[in-house]
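Each chain, written out:
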Amino acid sequence: MDRLDLDVGDGEVVALSGVNGTGKSTLLRCLSGLLSPTAGTVRVWGAPPDGRPGFWRTVGLAAEEPAWYPGLTAREHLDLVRLTHEPLPGPSASVDELLDVFELGGHADASPLTLSSGQRQRLALAAVWARPSRLLLLDEPEQKLDQQFRGVLAGMLRQYADGGGTVVLATHDPVLAAAAGARVLAMSGGRLEGAVASA
Amino acid sequence: MSSVGQVRALVRAAGRRSGRPGWTDWYLVAAAIVVGSLLAGGPLADVLGQAVAPLPAYRAAALVSLVVAGCAALLAVAGAVGPVAVPPADAYWLVLSPLDRRAVLARAVAAVGVVAAVAGVLAGVAVRRVAGLPAYGWGPVGVAAAAGAAVCVCVAGAAVLAQAAGAGAVVRRAAAGVGVAAVACGLAAALRPAWPGWSPVVPPTPVSVSAVAAALLVSGLVWWRLAVFPAGAVLSASVRWGVVTDAAVGLEPSFVARIVEDGFWRGRRLRSRPWPGWLPPWAAPAWQDWRMLGRRPYRLVVSLVTAALPAVVAVAAGGAGLLVAVVLLAGAVSAASAGASGVRRDAGSAVLGRLFGVGGAAVSGARLVLPGVLAVGWLVAASVVLLLAGVWVSWWWLLVAVAAGPVLAVGVLRLAGRGWVDHASVPVVMPMSGSWIPTGWIVWWVTGWDVVVAGGLPSVWVWSGGPGGWVVPAAVQVVVGGVVVWGWLRRR
Chain A
1 MDRLDLDVGD
11 GEVVALSGVN
21 GTGKSTLLRC
31 LSGLLSPTAG
41 TVRVWGAPPD
51 GRPGFWRTVG
61 LAAEEPAWYP
71 GLTAREHLDL
81 VRLTHEPLPG
91 PSASVDELLD
101 VFELGGHADA
111 SPLTLSSGQR
121 QRLALAAVWA
131 RPSRLLLLDE
141 PEQKLDQQFR
151 GVLAGMLRQY
161 ADGGGTVVLA
171 THDPVLAAAA
181 GARVLAMSGG
191 RLEGAVASA
Chain B
1 MSSVGQVRAL
11 VRAAGRRSGR
21 PGWTDWYLVA
31 AAIVVGSLLA
41 GGPLADVLGQ
51 AVAPLPAYRA
61 AALVSLVVAG
71 CAALLAVAGA
81 VGPVAVPPAD
91 AYWLVLSPLD
101 RRAVLARAVA
111 AVGVVAAVAG
121 VLAGVAVRRV
131 AGLPAYGWGP
141 VGVAAAAGAA
151 VCVCVAGAAV
161 LAQAAGAGAV
171 VRRAAAGVGV
181 AAVACGLAAA
191 LRPAWPGWSP
201 VVPPTPVSVS
211 AVAAALLVSG
221 LVWWRLAVFP
231 AGAVLSASVR
241 WGVVTDAAVG
251 LEPSFVARIV
261 EDGFWRGRRL
271 RSRPWPGWLP
281 PWAAPAWQDW
291 RMLGRRPYRL
301 VVSLVTAALP
311 AVVAVAAGGA
321 GLLVAVVLLA
331 GAVSAASAGA
341 SGVRRDAGSA
351 VLGRLFGVGG
361 AAVSGARLVL
371 PGVLAVGWLV
381 AASVVLLLAG
391 VWVSWWWLLV
401 AVAAGPVLAV
411 GVLRLAGRGW
421 VDHASVPVVM
431 PMSGSWIPTG
441 WIVWWVTGWD
451 VVVAGGLPSV
461 WVWSGGPGGW
471 VVPAAVQVVV
481 GGVVVWGWLR
491 RR
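Those protein sequences? They're chains A and B, same order as listed.
Residues 1 to 199 (the working numbering) are what the first sequence spells out, left to right.
Residues 1 to 492 (the working numbering) are what the second sequence spells out, left to right.
Source of the hints: derived by calculation from the structure; they are not laboratory data.
Hints may be right or wrong, so weigh each one.
Computed footprint of chain B on chain A; a stretch qualifies when at least three of its residues, placed anywhere within it, have a C-beta under 8 Å from a C-beta of chain B [to be verified]:
no., stretch
1, 34-47
2, 54-64
Pairs of lysine to any residue, SDA-like flavour, derived with a Cα cap of 25 Å [what the hints assert, rightly or not]:
no., chain 1, residue 1, chain 2, residue 2
3, A, Lys144, A, Pro174
4, A, Lys144, B, Pro88
5, A, Lys144, A, Val184
6, A, Lys144, A, Glu97
7, A, Lys144, B, Val239
8, A, Lys144, B, Leu235
We put the beta carbon where it would ideally sit given N, CA and C, even for glycine.
Please put together the full structure from these sequences, using the hints given.
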């Protein structure tokens with residue numbers, strides 16, 4: 001990445017677009033603290049993202065498909081997320097509600113390994129939503145999802161932002177970005193070309 | 001929020017649904033412990049029961065240099081694989097969470113420490129045994145074991161701290177430098193055996209106490225650093241470990257070689273260059289081997305430095321013998337393997353041949369050249385050092401090194417081209433018990449080394465000091481080399 005300057009406010013959905021290899025995923029990794037920039041600064045709520053335990057109290061990350069515990073069911077994976085995170089103030093969806101929203105109610109007691117790739121993607125997203133977060137970093141969350149659920153996902157992103165949360169996602173789906181009311185920023189050759197669309 | 005212990009308990013409880021360990025599992029564990037104890041008991045009794053005169057200073061110096069080079073190699077390997085890694089599911093669900101990072105990683109770090117300590121105990125006892133053990137009993141052996149364990153724990157701890165600091169590459173380069181310097185010092189000791197008034201042998205007890213104190217200090221630093229261990233470093237190491245585990249479970253060692261090479265090339269920015277216009281089509285596949293080697297020049301430098309190892313080993317062991325012959329053979333194979341990267345990559349694939357529109361003996365013959373040159377070059381360099389160190393006396397033995405080249409080249413290409421383990425091969429069924437032995441992985445391990453060992457026997461005969469002079473074995477080696485190359489090309 002080069003000469004990249006970006007501010008994202010609370011309650012905003014920012015969608016990074018661009019062809020493969022332009023640095024979208026790298027930027028997300030920098031924002032999550034999994035990768036340190038060789039020059040320049042990255043700040044999340046005023047502090048460098050360090051990837052330490054405290055950072056993950058309020059940040060949810062969905063990059064590539066997670067590794068699943070083969071002995072745990074879909075519901076138990078979500079329970080595990082709840083066990084490992086302190087709840088934030090305010091209402092939050094129960095595990096059963098999340099399973100329903102992500103259309104996994106009928107597969108709650110199935111091992112993720114027996115689910116289809118699209119169902120596993122929905123479970124991975126449900127696990128991100130199960131975290132009590134204020135910032136979501138999503139790398140191509142539309143992957144393997146059918147068109148109908150992409151619409152559902154867009155609505156959830158909008159709802160999350162309306163609740164005060166911030167979303168930064170890399171996507172190849174302009175319809176999803178528009179439906180989520182995202183500020184779409186085009187990346188090219190590791191640089192931010194600017195806003196290409198606003199909804 | 002729950003503790004790490006509670007979370008792990010949940011995962012364990014769920015995992016037990018798929019089956020508790022049966023009596024056969026416990027039997028296997030117990031049998032492994034008993035067999036391991038029996039195997040270790042003999043050498044340990046040997047160490048404790050026999051006095052050995054201390055080595056002369058120059059041999060002890062060579063031994064110390066080998067130990068230092070071994071520690072540097074351990075540090076480089078530990079840095080390359082992690083060393084702190086957790087199962088992939090733990091990496092995603094526990095590391096990327098607010099859970100106490102120290103509690104999440106404690107088990108992985110403890111495993112690294114135990115492995116390092118056990119390896120160190122074995123190395124310490126072995127070194128003490130070779131260096132000389134004038135007194136009987138547990139005392140000196142225990143001191144050596146403690147020193148070995150402490151040194152290895154220090155090395156592993158340094159690798160962990162480097163991983164936490166994101167300085168793995170720097171530490172690996174430093175380790176390579178230390179290893180090269182250690183081999184150079186060993187070589188100096190081998191070439192200058194008479195150093196009046198100087199002895200590298202230091203009193204073992206103060207060394208052990210210092211090493212243990214250093215190990216405790218490093219362990220404390222690691223424990224302190226664990227609380228803020230960066231998640232990214234654990235995640236990438238866990239991915240690497242996942243591949244290594246898959247390779248072990250699936251008996252697919254090629255995975256490991258592949259990921260090491262992929263990791264190397266992924267971290268480099270390459271510049272496209274045109275292929276030479278004069279290059280005939282049948283030489284095109286071989287050219288990629290030359291080009292890839294040219295893009296890894298440091299590998300040639302390391303190969304050149306390791307050519308001193310046989311002399312250092314010979315001096316430390318007290319003369320040439322089968323051990324030195326084995327080191328020569330293994331070193332030559334290792335050096336020649338640097339020229340077989342392309343074969344390793346397109347092993348078993350006809351795509352490349354179709355791409356270039358070529359095939360057959362000409363292509364295979366062209367690809368033999370680079371491994372052959374590397375094998376002969378390394379053997380000649382190693383032989384020269386052995387001659388300069390006075391371990392060997394006849395310069396004619398250089399001809400044996402040259403004669404061994406073709407066989408080693410074919411062996412290395414067979415090693416590189418063996419590809420995946422054939423798990424569908426017909427197993428051997430034991431007539432009495434009805435149990436069966438899979439043959440795919442046995443064939444995999446034997447492939448390549450069969451040609452190297454069987455074809456290289458005449459050279460090994462000379463190098464290990466077999467009776468009868470060098471002329472006949474060298475002549476036999478030339479004939480065997482010709483036959484092996486002819487057979488190799490005929491099958492293409």
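Results of checking the hints against the structure:
1. Residue count for the stretch 34-47 of chain A with a Cβ under 8 Å from a Cβ of chain B: 3. That meets the three needed, and the coverage hint holds.
2. Requiring three or more residues with a Cβ within less than 8 Å of a Cβ of chain B, the coverage given for the stretch 54-64 of chain A holds, as 4 such residues are present.
3. Straight-line distance between C-alpha atoms of A:Lys144 and A:Pro174 comes to about 16 Å, which keeps the hinted pair within the 25 Å bound.
4. For a cut-off of 25 Å, the pair hint linking A:Lys144 to B:Pro88 stands: about 22 Å separates their Cα positions.
5. Proposed proximity of A:Lys144 and A:Val184 is supported: the alpha carbons are some 21 Å apart, at most 25 Å.
6. Under the criterion of a C-alpha separation no larger than 25 Å, the hint pairing A:Lys144 with A:Glu97 is consistent with the structure, at around 22 Å.
7. Among the hinted pairs, A:Lys144 with B:Val239 is consistent with the structure: their alpha-carbon atoms are about 22 Å apart, no more than 25 Å.
8. About 24 Å separates the Cα atoms of A:Lys144 and B:Leu235, which keeps this hinted pair within 25 Å; it holds.
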